[in-house]
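The lines below spell out each chain.
Protein chains: 2
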Amino acid sequence: MGELEIRAATAEDLPAIVAMLADDPLGAQRESPKDLTPYREAFARLAADPNQRQIVAVRADRVVGTLQLTVIPGLSRRGATRSLIEGVRIHAEERGNGLGSQLIGWAVEESRRSGCQLVEFTSDMTRTDARRFYERLGFTASHVGFKMQL
Amino acid sequence: MGELEIRAATAEDLPAIVAMLADDPLGAQRESPKDLTPYREAFARLAADPNQRQIVAVRADRVVGTLQLTVIPGLSRRGATRSLIEGVRIHAEERGNGLGSQLIGWAVEESRRSGCQLVEFTSDMTRTDARRFYERLGFTASHVGFKMQL
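Chains A and B are the protein sequences, given in the same order.
Just so you know, the first sequence maps onto residues 375 to 524 in the numbering used here.
Just so you know, the second sequence maps onto residues 375 to 524 in the numbering used here.
Take these hints with a grain of salt, some might be off.
Which copy? The list can't say, so a pair holds if one copy fits it or any two copies do.
[To be verified] Here are the simulated SDA-like pairs of lysine to any residue, each with C-alpha atoms no more than 25 Å apart in a straight line: (1) Lys-521 to Glu-483; (2) Lys-521 to Gly-472; (3) Lys-521 to Gly-401; (4) Lys-408 to Arg-505; (5) Lys-521 to Arg-469; (6) Lys-521 to Ala-454; (7) Lys-408 to Arg-452; (8) Lys-408 to Asp-503; (9) Lys-408 to Arg-436; (10) Lys-408 to His-517; (11) Lys-408 to Gln-491; (12) Lys-521 to Asp-423; (13) Lys-521 to Pro-412; (14) Lys-521 to Glu-460; (15) Lys-521 to Gly-489; (16) Lys-521 to Ala-382; (17) Lys-521 to Pro-407; (18) Lys-521 to Arg-427; (19) Lys-521 to Asn-471; (20) Lys-521 to Leu-400; (21) Lys-408 to Asp-397; (22) Lys-408 to Ala-454; (23) Lys-521 to Ala-504; (24) Lys-408 to Asp-387; (25) Lys-521 to Arg-487.
These aren't lab readings, by the way, just hints derived from the structure by calculation.
So here's chain A without its partners, still in its complex pose (with noise of 0.2 Å):
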């Protein structure tokens, strides 16, 4: 395999981010891949907030993975700073192959580099593969997490 490089993501790879957000079991019934218009103007939302860091996995000229991290102050636990992973993808011909915990890893050491305590997500309890994985990483699944739709 070539190198990999993991770098911020730019407008020309939305189509290569929203193809692996809607290549997944979730995310298809979810995301609208012929119509980019709504991520574009998320991508400038999120381009526009220095706390938001949209990354991607390149690996020869092909975006493989990505995610999403966001940097979040507050004072609970002592002024604590937390980042916030969300929308962790891979690509279908990169999984299984050590490209998630390299994600993953580099999201901590960022998360690190900024500061930040403490490192949060949540998945889907449909994602019943996940937990192993993330313990195996060294995250403890010790919360509930609750949504609401608006």
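Starting from the known structure of chain A, arrange chain B on it as the hints suggest.
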């Protein structure tokens, strides 16, 4: 009971907010209400971030509740913006009178006003009363929440 006001927190509210963060089974081990320095520094970070709302509920000139709401743009779910609730605390003398529901209701409405399509938060699994409370307010306990301390 006197009238309730829900408003943005100011630096003057910090002693009362930190006292509530510490008056909690988990917070008691994590917070340092006698040293406000890290909280003052964190409050400055919150104040500088337009996607942050640290709010307080005030009754009869006393701070009786608080929560933090973060607005998070994103690509997934067709470019949906979400909001994250953290650090919900109710003063011991106000528990059980509906103030928690009012604070969460404020957060949901503020999320709508801010263009969010989703509200989310996690609750420590040891808070066994929380689940029924949040489900009654319309949240779904659909996710596992993972954390890693750095």
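What are the numbers of the hints the structure violates, in ascending order? 4, 8 and 10
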